[in-house]
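As numbered in the working numbering, residues 434 to 787 make up the sequence shown, in order.
Do not take every clue at face value.
What the hints assert, rightly or not - Mimicking DSBU-like on lysine-lysine, the simulated pairs with C-alpha atoms at most 35 Å apart in a straight line are:
no.: 1; residue 1: 621; residue 2: 720
no.: 2; residue 1: 757; residue 2: 720
no.: 3; residue 1: 720; residue 2: 676
Derived by calculation from the structure, the hints in this document are not laboratory data.
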Amino acid sequence: MDRCFFISHLRMGEYIVPDDQDYAISQFEPRDALGVSRLTYTIYGDAHPFDYVYDPSEVARLFASGSQYAMIARSVDGVVLGMIGIYRCSLWPSLFELAQLMILPNQRGKGMAIELWRQAMATLPEMAGAGAIFGEAVCTHTFSQQMCQESGMLPCGIILDAIPSKAYASRDTGKARTSLLLTTKPLKNMRLSAALPQWYRAEYSILCDTMALERTVSPSVPETMAKQSTIEVTHFPQADCVKLLVRRAGHDLAQLLAEQELAASEMGIVQVVFNLGEPTSLAGIEKLRERGYFFGGFLPFWFGHSDGLLLQRRKEQPSFNDIKLLNDAPSFLIDLARRDAADASSHWKQWGRR
């Protein structure tokens with residue numbers, strides 16, 4: 434896909450929507466695809482991390498495939514004024530992320546965002562057959578955190594300086610990057626086992642009790658690693674972010690991490706998700722902590738029949754300043770991240786080196 438081609442067409446086709454628009458909310462229809470791309474460009478400019486959002490035909494295809502669902506706020510003339518959606522976000526096809534809440538700047542202040550969010554959570558998970566809903570709430574304000582709480586989406590982690598603040602062009606945060614509070618709402622339950630390092634177990638137990646998850650932490654076993662790692666790497670150049678999904682941790686993991694740290698750039702972030710149902714993860718987690726990686730979040734159901742553990746690192750030391758929280762519910766997770774970051778920094782390895 435030629436990202437620049439579609440962005441240039443959206444730029445040339447910029448349109449003005451009058452302020453005084455009445456609206457109605459209903460599910461996405463194929464006719465909304467162009468409006469969704471226009472809305473995305475209006476909010477993000479050329480900074481959205483995904484290419485497909487600028488291509489109306491690709492937007493329509495993904496919604497038709499059943500991998501995405503959305504609620505759309507339309508004017509009486511059918512103009513897309515706002516939206517929110519869910520999309521598959523992990524190896525478990527029943528796990529969906531609630532995201533893409535966007536309102537045209539001159540249509541805000543009408544309560545549209547709250548209506549969209551409530552209708553989405555009341556309608557879309559059942560339509561998609563979702564087993565859980567995952568979400569990321571920005572920490573520059575508390576609106577999305579408040580809506581997550583109202584929707585029963587509970588904190589499960591914190592990613593520090595996760596995305597460039599330029600992605601929120603309508604809000605001048607005064608910071609280069611924005612932190613994200615991770616949340617999850619389980620809709621189904623499964624009895625699962627987790628292989629977890631001792632220093633994460635207390636907080637994992639609190640999380641499972643809070644979410645009423647049936648989990649058994651496996652007894653400690655000798656740390657073993659495979660000869661080669663089995664990983665999936667996703668690059669988000671617009672966000673200076675690299676995400677790694679580790680299915681199996683091998684002896685080459687440090688070398689692979691060094692390569693991806695360089696790919697993330699000087700200002701970027703690397704996020705690594707381990708499978709807590711995979712025995713080699715214990716040794717892999719320890720290897721990453723020796724490189725300065727620290728706790729980012731517990732990810733229920735991320736691998737379907739096992740949970741995930743997210744570790745994170747930037748080249749710079751992490752900062753826990755300027756994080757706005759709605760309440761103290763995430764405090765035990767943020768305290769864990771702070772302690773883990775301090776421990777990991779004691780054997781900090783240079784960015785991009787084995």
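Results of checking the hints against the structure:
1. 621 - 720: holds, 33 Å
2. 757 - 720: holds, 32 Å
3. 720 - 676: Roughly 17 Å separates the two Cα atoms, so the pair holds.
The structure agrees with every numbered hint stated previously.
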